[in-house]
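Trainee: Sequence:
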Amino acid sequence: MLGIYDSGSGGLRALSTIREREPDADILYRGDLKHAPYGTRQREDLIRIIMQNIERFHALGCAHILVACMTASSLIPALPPAYRQSVYPIIDYVGARAAALSREGRIGIVSTSRTMKEGGLRRYLLAHGVSVTESEADALVPLVEEEVSQSDIRVTDAIARATRIHREAQVDTLVLGCTHFPFFTDAFRKVMGEDVTLIPSGEVGAEAFLKQIPKDVLKGKGHIHFI
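For the sequence shown, counting from 1, position 70 maps to 70 in our numbering; every step adds exactly one.
No lab work stands behind these hints: they were computed from the structure.
Note that the Cβ used here is the ideal one computed from N, Cα and C, for glycine as well.
Just so you know, not all the hints are guaranteed correct.
Claimed, not checked - List time: in silico DSSO-like cross-link candidates among lysine-lysine, alpha-carbon distance up to 30 Å:
no.: 1; residue 1: K219; residue 2: K117
no.: 2; residue 1: K117; residue 2: K221
no.: 3; residue 1: K211; residue 2: K221
As the list claims (entries may be wrong) - So the derived label-pair ranges between C-beta atoms look like this:
no.: 4; residue 1: M51; residue 2: R189; range: 18 to 28 Å
no.: 5; residue 1: K221; residue 2: E168; range: 20 to 30 Å
no.: 6; residue 1: D152; residue 2: F226; range: 40 to 50 Å
no.: 7; residue 1: I227; residue 2: P81; range: 37 to 47 Å
no.: 8; residue 1: Q212; residue 2: H128; range: 15 to 25 Å
no.: 9; residue 1: A127; residue 2: K219; range: 14 to 24 Å
no.: 10; residue 1: E194; residue 2: G61; range: 17 to 27 Å
no.: 11; residue 1: T156; residue 2: Q212; range: 30 to 40 Å
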């Protein structure tokens, strides 16, 4: 059985990708709306919440958990070893894809403020010899949860503010570093232009995650359970 853990509805993109690739896989999905949004919470508070959620997956017999939330993913290295053994942080997969696809080595990251403060994705990319600009877009998360239209002025204004630094740096690749942000892909593309490659964290992470999972784990009855 596979687990997908997100702070809300953002991980549904990862769920959709996994269901499309592996229709027989049994999946547990956890969208922790009770504690959302994660991106603005204190570090110690988040670590406690993440551990509680991982314990819940373990109690239900789930041994392969995709941490689809980029904020939670950035904090996995801070967890005790027992909590890290069965989890797959999406942040690792996203960084690898961005580094591979960047044409000119100028990559932008737009994420939540907590993901930005942890700096895991930035350090990964810098270690691969690219230049990195980084910004936060916390304001987008509640707009996704409220199912606000991409054409809404609140969405376009928030994206324009968050991506200004990246447009000035003329990035060729932009990481949508929160699984909520790809819900506004069209708005990001309108602001950034067609020449900039967008990296949707949920889909990218799900595809890479599946490559790590034993084939027998993917053979189930195609059940999806929301917990």
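Trainee: Confirm or reject each hint.
Mentor: Hints versus structure:
{"no.": "1", "hint": "K219 with K117", "in the structure": "violated, 39 Å"}
{"no.": "2", "hint": "K117 with K221", "in the structure": "violated, 40 Å"}
{"no.": "3", "hint": "K211 with K221", "in the structure": "holds, 20 Å"}
{"no.": "4", "hint": "M51 with R189: 18 to 28 Å", "in the structure": "violated, 37 Å"}
{"no.": "5", "hint": "K221 with E168: 20 to 30 Å", "in the structure": "violated, 51 Å"}
{"no.": "6", "hint": "D152 with F226: 40 to 50 Å", "in the structure": "violated, 27 Å"}
{"no.": "7", "hint": "I227 with P81: 37 to 47 Å", "in the structure": "violated, 24 Å"}
{"no.": "8", "hint": "Q212 with H128: 15 to 25 Å", "in the structure": "holds, 20 Å"}
{"no.": "9", "hint": "A127 with K219: 14 to 24 Å", "in the structure": "violated, 37 Å"}
{"no.": "10", "hint": "E194 with G61: 17 to 27 Å", "in the structure": "violated, 45 Å"}
{"no.": "11", "hint": "T156 with Q212: 30 to 40 Å", "in the structure": "holds, 37 Å"}
Of the hints listed earlier, those the structure fails to meet are numbers 1, 2, 4, 5, 6, 7, 9, 10, in rising order.
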